[in-house]
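> Protein sequences appear in the order of chains U and V. Residues in the first sequence are numbered from 1 upward in steps of one, following the working numbering. Residues in the second sequence are numbered from 1 upward in steps of one, following the working numbering.
It should be emphasised that the hints constitute simulated quantities derived from the structure, not laboratory data. Mixed in with the good hints there might be a few duds.
Where chains are identical, the list cannot tell them apart; a pair therefore holds if satisfied intra-copy or between any two copies.
As the list claims (entries may be wrong) - The list that follows gives simulated cross-link-like pairs (lysine-lysine, DSS-like), each with its CA atoms no further than 30 Å apart:
#1 Lys-289 / Lys-139
#2 Lys-377 / Lys-82
#3 Lys-55 / Lys-269
#4 Lys-81 / Lys-55
#5 Lys-377 / Lys-67
Predicted model, so just to flag it, every value in this text is computed and none were measured.
There are 2 protein chains.
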Amino acid sequence: MQTSGKIEILETTLRDGAQGQGISFSLQDKLSILKTLDELGVAWIEAGNPGSNPKDMEFFRLAADIKLEQSRLCAFGSTRKKNVKPEDDDQVMCLLNANTEGVAIVGKSWDLHVREVLRASPEENLAMIGETVAFFREKGRRVFFDAEHFFDGWLSDPGYALSALKAALDAGAERIILCDTNGGAFPQTIGDAVKAAAAFLSAGDPATLSTPAGRLLGIHAHNDIDLAIANTLAAINAGCLHAQGTLAGFGERCGNTCLAALIPSLELKLGYECLPPGSLEKITGLTRKVAEIANVSLDNNMPYVGSHAFTHKGGMHSDGILKTNRSFEHVDPSLVGNDRHFLVSEVGGRSAIAERAKKIEPSITKDHPLAAVLAEKLKAMEAKGWAFEGADASFELFVRRELGRSSSLFSIEAYRVVSEHPTGETIACSHAWVKVLVDDRREIAAAEGDGPVHAMDSALRRALGHFFPELGKVRLIDYKVRVIDGNAATAAKVRVLITSTDGVRTWTTAGVYGDILDASRAALTDSIEYKLIADTENPGSSG
Amino acid sequence: MQTSGKIEILETTLRDGAQGQGISFSLQDKLSILKTLDELGVAWIEAGNPGSNPKDMEFFRLAADIKLEQSRLCAFGSTRKKNVKPEDDDQVMCLLNANTEGVAIVGKSWDLHVREVLRASPEENLAMIGETVAFFREKGRRVFFDAEHFFDGWLSDPGYALSALKAALDAGAERIILCDTNGGAFPQTIGDAVKAAAAFLSAGDPATLSTPAGRLLGIHAHNDIDLAIANTLAAINAGCLHAQGTLAGFGERCGNTCLAALIPSLELKLGYECLPPGSLEKITGLTRKVAEIANVSLDNNMPYVGSHAFTHKGGMHSDGILKTNRSFEHVDPSLVGNDRHFLVSEVGGRSAIAERAKKIEPSITKDHPLAAVLAEKLKAMEAKGWAFEGADASFELFVRRELGRSSSLFSIEAYRVVSEHPTGETIACSHAWVKVLVDDRREIAAAEGDGPVHAMDSALRRALGHFFPELGKVRLIDYKVRVIDGNAATAAKVRVLITSTDGVRTWTTAGVYGDILDASRAALTDSIEYKLIADTENPGSSG
Numbered sequence: 001m002q003t004s005g006k007i008e009i010l011e012t013t014l015r016d017g018a019q020g021q022g023i024s025f026s027l028q029d030k031l032s033i034l035k036t037l038d039e040l041g042v043a044w045i046e047a048g049n050p051g052s053n054p055k056d057m058e059f060f061r062l063a064a065d066i067k068l069e070q071s072r073l074c075a076f077g078s079t080r081k082k083n084v085k086p087e088d089d090d091q092v093m094c095l096l097n098a099n100t101e102g103v104a105i106v107g108k109s110w111d112l113h114v115r116e117v118l119r120a121s122p123e124e125n126l127a128m129i130g131e132t133v134a135f136f137r138e139k140g141r142r143v144f145f146d147a148e149h150f151f152d153g154w155l156s157d158p159g160y161a162l163s164a165l166k167a168a169l170d171a172g173a174e175r176i177i178l179c180d181t182n183g184g185a186f187p188q189t190i191g192d193a194v195k196a197a198a199a200f201l202s203a204g205d206p207a208t209l210s211t212p213a214g215r216l217l218g219i220h221a222h223n224d225i226d227l228a229i230a231n232t233l234a235a236i237n238a239g240c241l242h243a244q245g246t247l248a249g250f251g252e253r254c255g256n257t258c259l260a261a262l263i264p265s266l267e268l269k270l271g272y273e274c275l276p277p278g279s280l281e282k283i284t285g286l287t288r289k290v291a292e293i294a295n296v297s298l299d300n301n302m303p304y305v306g307s308h309a310f311t312h313k314g315g316m317h318s319d320g321i322l323k324t325n326r327s328f329e330h331v332d333p334s335l336v337g338n339d340r341h342f343l344v345s346e347v348g349g350r351s352a353i354a355e356r357a358k359k360i361e362p363s364i365t366k367d368h369p370l371a372a373v374l375a376e377k378l379k380a381m382e383a384k385g386w387a388f389e390g391a392d393a394s395f396e397l398f399v400r401r402e403l404g405r406s407s408s409l410f411s412i413e414a415y416r417v418v419s420e421h422p423t424g425e426t427i428a429c430s431h432a433w434v435k436v437l438v439d440d441r442r443e444i445a446a447a448e449g450d451g452p453v454h455a456m457d458s459a460l461r462r463a464l465g466h467f468f469p470e471l472g473k474v475r476l477i478d479y480k481v482r483v484i485d486g487n488a489a490t491a492a493k494v495r496v497l498i499t500s501t502d503g504v505r506t507w508t509t510a511g512v513y514g515d516i517l518d519a520s521r522a523a524l525t526d527s528i529e530y531k532l533i534a535d536t537e538n539p540g541s542s543g
Numbered sequence: 001m002q003t004s005g006k007i008e009i010l011e012t013t014l015r016d017g018a019q020g021q022g023i024s025f026s027l028q029d030k031l032s033i034l035k036t037l038d039e040l041g042v043a044w045i046e047a048g049n050p051g052s053n054p055k056d057m058e059f060f061r062l063a064a065d066i067k068l069e070q071s072r073l074c075a076f077g078s079t080r081k082k083n084v085k086p087e088d089d090d091q092v093m094c095l096l097n098a099n100t101e102g103v104a105i106v107g108k109s110w111d112l113h114v115r116e117v118l119r120a121s122p123e124e125n126l127a128m129i130g131e132t133v134a135f136f137r138e139k140g141r142r143v144f145f146d147a148e149h150f151f152d153g154w155l156s157d158p159g160y161a162l163s164a165l166k167a168a169l170d171a172g173a174e175r176i177i178l179c180d181t182n183g184g185a186f187p188q189t190i191g192d193a194v195k196a197a198a199a200f201l202s203a204g205d206p207a208t209l210s211t212p213a214g215r216l217l218g219i220h221a222h223n224d225i226d227l228a229i230a231n232t233l234a235a236i237n238a239g240c241l242h243a244q245g246t247l248a249g250f251g252e253r254c255g256n257t258c259l260a261a262l263i264p265s266l267e268l269k270l271g272y273e274c275l276p277p278g279s280l281e282k283i284t285g286l287t288r289k290v291a292e293i294a295n296v297s298l299d300n301n302m303p304y305v306g307s308h309a310f311t312h313k314g315g316m317h318s319d320g321i322l323k324t325n326r327s328f329e330h331v332d333p334s335l336v337g338n339d340r341h342f343l344v345s346e347v348g349g350r351s352a353i354a355e356r357a358k359k360i361e362p363s364i365t366k367d368h369p370l371a372a373v374l375a376e377k378l379k380a381m382e383a384k385g386w387a388f389e390g391a392d393a394s395f396e397l398f399v400r401r402e403l404g405r406s407s408s409l410f411s412i413e414a415y416r417v418v419s420e421h422p423t424g425e426t427i428a429c430s431h432a433w434v435k436v437l438v439d440d441r442r443e444i445a446a447a448e449g450d451g452p453v454h455a456m457d458s459a460l461r462r463a464l465g466h467f468f469p470e471l472g473k474v475r476l477i478d479y480k481v482r483v484i485d486g487n488a489a490t491a492a493k494v495r496v497l498i499t500s501t502d503g504v505r506t507w508t509t510a511g512v513y514g515d516i517l518d519a520s521r522a523a524l525t526d527s528i529e530y531k532l533i534a535d536t537e538n539p540g541s542s543g
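One chain only, chain U, in its complex shape:
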């Protein structure tokens, strides 16, 4: 594809992303994310606000010892306070002491803010911008000016908004970043304002803002009306060559521009270069890694990198994909390191079943008689309330059983679970014993728990642990219960979904019964059986 040019990316998970609710990074988290972003190869990593956050100060001290392979480091702060010299402003001095190559300085460009929030004169605000930028230039820093609320300012008083940019440019800022701080602007406004800014700033010297080696206009968008990506694209289309965001879209309120959604569109569809060659296919893995470090569940529906982004459920779609990928996929998922999935469900068809069954038995195609048998059995199970959607491991076990590729490794001979209230002094509210049979050996174990399912789970693992010590590594990471037919309520069938991990693999199993304990037992049994089979077939791949 022909190159449309280079877009410089600034990643701000560690600064603006940290403003998101539910995000709280430890020092170690920040260092891990720094390395992850460097591996992806974004041009700049904005990593903290040392003047407002002592933890960030400590981070920059440690970060100085880390050699980044691909990215450059930048710290964030504000213009100096009113009527104070930069060198007498603590916040400015903290930013200086962070000792980063790049320094991002946020300043006001909306007259309303200057008047009502800052409560300064328009001239004093321009002086705050100019003097702060000049101060850091003198200290040899590369200065980025973040024009806060630029688009609101441009709508309110365009002349003043542009003069704020000019104050920064004249003082030596090499990036002028136009921020939609409240996230409420439309692409049309963004495009018009960017063009106006480019025309105003480059007057007399059209090259000023256009060469990558020189000074650039940038865009910083928020997603409050779900237009962060559209606005960023509109800004790039209008002349911005620098774009900011967070890889997973973390950020205050509705988040920042999601770079994992932006960069693939720019590179794959619009012909821009954002990352070093070969990096794009790491974006799914690295975005998930950042989310994992942040301890945030990534939205499955995320464009490009979500686990459902290329998942097909409708039978018609699944069938179409198998005929020609392009027919139901806007890009090849492997280009961003993601995978195609087919869901087995009541709206799916034989093609989806065959696609998954052939991972176990490669000879099964859509027209293979076994695919029809499996589809028939599946339909009968679904009529009873089963659904393998989201329960890949149970589906695999179902196929193995149908193909005669599975021998049961253990069985539960008996169990008893008791829950009572009020509790005695010596036993928890729920307690259980479970007796298992493995080959011809039996083992019985007891456990207490928070509720009957937890008690049974604990007792079962304890009993099986005698035979299969590798189960010690397995942890349940999610447990969901759903009533299938609401009409029968507490007597209705329930579907339990359990997600387990051994630290390497993650798998999900399902159980459907009238009794929540039976359904949980079925899902737990499948989870354990899946682990034991997987270990046997791929002995090296776990832990």
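Chain V: place on chain U using the hints.
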């Protein structure tokens, strides 16, 4: 604000939304969502695909008895198969038998799909479209034509793509919906293609596609590159007066256009009318209700309706907000029924609380001291994992208790629940006894059940039935369990939601505990208490 015109909204949570992974609606869920969408007042509700899904057929049979106050019902299907008459096509006949006012028919408009997926001649595809539309017109249906992959088709072979639209229009379709089925298009393409379609179809009669009473062009977008909202806006800007999506953005892969993000922008910022007057401020509550029924956690970062959408974490922002709201908020959250937050809190601000509390005590307004007390208590409960969204009856009981308007009518002194396997000959897998206290009288009762919750529920009702025979009329119609903190899996806190009916009223209660039995007991107790209070206050209104 000056009106820019009316946009007709079609909501498809029950059809395209049901294609989303993790979404699985029971019949009861579908009926509840239908009523919720009618309350919001979208013009059309596309509620299922009767030809591909027997459950949807049953739904339409039941839906026929529900009188919708504001919305109209529509069912979805495909054009007839190749070389078959519409009346000989089972899928077409299922769609007809759904007996809805509106019928949406999807057909191919991308030459690639006609050739490689459908494997039909270009002429046969046009005949499939025209004959199917004509068939439904003859039967008196209002026909919507969904031009699948229209934008890909327009880029590939614009003449053929447009001829597919024309085949539907000429056969009598009154809505021509342009679909970005793969979700990979950009706003520029969308705008250009919509303009081309409008020009082509209205040639010779510019009024054909422009009057709301007549035929309209519509847009159906997907979010695969995070541009569903931008694309929908671009289509509206280019002439579409009908827009489709799902309230919470549910849908296959990355989801459909999120109407909870689209409608507020259209109404508040662009001056369009989409919903009946007064509905917009219900959109946050009703979107959350749909998610609750679907048993899906709504993304906190959702534009407009997410619980963090107006949450300010940065000190600078919070301070700015207190000086002037406009300074850090793109719209007033109360316009969409959402709330501003400064502190870390999961849900619900004072206005929302007051809004709901005043149903019990009309004097409570947002500024009433009791609203602050309730908000404070609620925050403490939320920190423990409680959430009253979707559990109106439990919320009402909570407010009554706080206002001293409730005296406990009964209590559970003790219970014991036992589940065992294998079962003996004389007792079911789960059995329970419960001892209740009413005034100073005690009653003990035992019951068996399908699972521990059912056994406890049955025993509790039997014991209380001695005192309150009216409980005989109460039936549980839904029971949902969600784990609150997935990381602790079976040991995590669970939230149980129970929906009950006495044949006249329907109400939902919640319970949150580490133990699923305790959580169920709390929700059951609330359910019974709510019924007893409601009967006392409105003696004539039940059964």
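> Checking an output row: Lys-289 and Lys-139, CA cutoff 30 Å. Within, between, both or neither?
neither (36 Å within a copy, 55 Å between copies)
> Within a copy, between copies, both or neither: which one fits Lys-377 and Lys-67 at a CA-CA cutoff of 30 Å?
This pair counts as neither: shortest intra-copy Cα distance 39 Å, inter-copy 38 Å.
> Classify it for me, Lys-55 with Lys-269: is the Cα-Cα distance of at most 30 Å met within a copy, between copies, both or neither?
Intra 40 Å, inter 40 Å, cutoff 30 Å: neither.
> Evaluate Lys-377 and Lys-82 at a C-alpha cut-off of 30 Å and name the case that applies: within, between, both or neither.
Classified as between; 29 Å across copies, 63 Å inside a copy.
> Using 30 Å as the alpha-carbon threshold, which applies to Lys-81 and Lys-55: within, between, both, or neither?
within (22 Å within a copy, 65 Å between copies)
Checked against the numbered hints above, the structure breaks hints 1, 3, 5 and satisfies the rest.
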